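There are 2 protein chains.
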Amino acid sequence: MTPETSTTTSAPAPQVSPRLSLNSATVKRAGLPRVFEVAGEAGIGAVGLWREEVAEVGLDVAVKQLASSGLRFSSLCRGGFFTMPEGTERRAALDDNRRAVDECAALAAAGAPGSAAVLVLVVGGMPAGSKDLPAARAAVADALAELAPYALDAGVTLAVEPLHPIHCADRAVVSTLEQALDLAAPFDPRAVGVVVDTYHLWWDPRVAEGIARAGREGRIASFQLADAMVPIASDVLLNRHLPGHGVVDLAPLVEAVAATGYTGDVEVEVFNADVWATDPLEVARATAASVRHLAL
Amino acid sequence: MTPETSTTTSAPAPQVSPRLSLNSATVKRAGLPRVFEVAGEAGIGAVGLWREEVAEVGLDVAVKQLASSGLRFSSLCRGGFFTMPEGTERRAALDDNRRAVDECAALAAAGAPGSAAVLVLVVGGMPAGSKDLPAARAAVADALAELAPYALDAGVTLAVEPLHPIHCADRAVVSTLEQALDLAAPFDPRAVGVVVDTYHLWWDPRVAEGIARAGREGRIASFQLADAMVPIASDVLLNRHLPGHGVVDLAPLVEAVAATGYTGDVEVEVFNADVWATDPLEVARATAASVRHLAL
Chain H
2 MTPETSTTTS APAPQVSPRL SLNSATVKRA GLPRVFEVAG EAGIGAVGLW REEVAEVGLD
62 VAVKQLASSG LRFSSLCRGG FFTMPEGTER RAALDDNRRA VDECAALAAA GAPGSAAVLV
122 LVVGGMPAGS KDLPAARAAV ADALAELAPY ALDAGVTLAV EPLHPIHCAD RAVVSTLEQA
182 LDLAAPFDPR AVGVVVDTYH LWWDPRVAEG IARAGREGRI ASFQLADAMV PIASDVLLNR
242 HLPGHGVVDL APLVEAVAAT GYTGDVEVEV FNADVWATDP LEVARATAAS VRHLAL
Chain L
2 MTPETSTTTS APAPQVSPRL SLNSATVKRA GLPRVFEVAG EAGIGAVGLW REEVAEVGLD
62 VAVKQLASSG LRFSSLCRGG FFTMPEGTER RAALDDNRRA VDECAALAAA GAPGSAAVLV
122 LVVGGMPAGS KDLPAARAAV ADALAELAPY ALDAGVTLAV EPLHPIHCAD RAVVSTLEQA
182 LDLAAPFDPR AVGVVVDTYH LWWDPRVAEG IARAGREGRI ASFQLADAMV PIASDVLLNR
242 HLPGHGVVDL APLVEAVAAT GYTGDVEVEV FNADVWATDP LEVARATAAS VRHLAL
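Top line first, the protein sequences correspond to chains H and L.
Residue 206 in the working numbering sits at position 205 of the first sequence, and the numbers go up by one each step.
Residue 249 in the working numbering sits at position 248 of the second sequence, and the numbers go up by one each step.
Same shape as in the complex, but just chain H:
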């Protein structure tokens, strides 16, 4: 059901795409259970959560709150940060990723039907003091090989997120969809997929072929929408905005994902100081409004 084809009038918020998911980073100050409340009040049917806010109330409480919210669960952010060489720190990171897999499985089971057990992986940047980019990228491949069987057993898909190249050094040595797909290729698509995030990928001359390939290979585990701003924010991490509030023509990207047959949830995930300073309910409503022009 899209706004254009809807004929029901009894639904609580008929103009909101039923595929829309509110990523809790967009309402960063809300916390649980307020994220669930504002999503519901704005007529949004799904949420993506961050581990920090789940940890704040405890997994069991988060699971109960999610279950009683009636919302779908679309992803957990985030695993990853495993680019360091072998050693204690790396072992701790991989253990933490296994815990994230477990949390993701518990949350997905508690969400409404149609929930997705997807763990978003921000793989990590250059290890402190290192300039060895190939080694950092190899460490990602090794981590996936180690975690994939664990994820498969738990019924969780690890979703490798290519981040904007500006974050290659500080957050993710995976910068393009093609690179993420190459990393995912050796593994069962149920265990390892990719995230398509418009903010991170819009500039890439190969993004259309990357999306088509991701669809063909059954790897689109998560689709996230955010716009890019000009001028660039002084904290470049926060250079994102709600769809339609920046310079990115999102419609062709939405169409490219739809053309692959992807019918899963579409998360709006925005890091933006002004958005974060706004009342969460207002943000949730603005989020719902921001995608109305898109064919979700």
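Derived by calculation from the structure, the hints in this document are not laboratory data.
Simulated DEER-style distance windows between Cβ atoms:
no.	chain 1	residue 1	chain 2	residue 2	range
1	L	Asp-183	H	Pro-135	19 to 29 Å
2	H	Pro-135	L	Gly-262	19 to 29 Å
3	H	Gly-219	L	Pro-150	41 to 51 Å
4	H	Asp-236	L	Ala-56	28 to 38 Å
5	L	Glu-87	H	Gln-16	37 to 47 Å
6	L	Asp-133	H	Arg-217	25 to 35 Å
7	L	Ser-235	H	Gln-16	34 to 44 Å
8	L	Ala-213	H	Thr-279	42 to 52 Å
In this text, all values refer to a predicted model and were calculated from it rather than measured experimentally.
Think of the CB as a built atom: it goes at the ideal place given N, C-alpha and C, for glycine as much as any other residue.
We have chain H; now place chain L onto it with these hints.
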């Protein structure tokens, strides 16, 4: 002559690679003729200039100062900024690019033997109010088609510079070496080449194959060195530093360019607030020192 093989002791600064060029952006506050002086005093044999500082003293004066400096000329920055749709503004931009070609030819003719008539093109970002990225990219192709014959006549190579993807919207819709090479492909390599700038390209998983292809196709018109910093500068345009002062392993990139047979000048071009606040002679000497570990 490299530092390792030099046997002369009478040269003014024998440790400085004879292929090193000081891009005047690195000593932004210096202006002409101070740029020539500090390059010479630091033992650097070539300079790349910006049009603004040439305009400040006038082209004729700049030409005379360059000629009497005895330095080679390695590039002029910058042409480009022609992504807007057809109309008065676009015509003015293309006319301005023709003037830049003429200035470049005059400066290259005044430089010492081995000078290069290379005009660096920063193609421009998204036109104000537009979200049409394909149109902006098509406008670049059209501009090259219009300017290439003029450049060829003048003996100037237009060097398309892929900028870091963070500048796709505000400065250059050309973000990768592959994309720049595709744009250059229809034209005589004497008329249209590319810039290989390590700051802009280091993160790209395809950078090695891009450099190899650029060499094979005879397109490397300029090679620029800069490092990338972590944490990211609050003005992301200035997130660069002298070689060795950031997170990028420059040696493999230098080797990849050398492997293509490129023997031209190697410019150090750094946008960095701290570097700009430092005395230009000190910066020129630090620039010379910063590349000593590289096989230029």
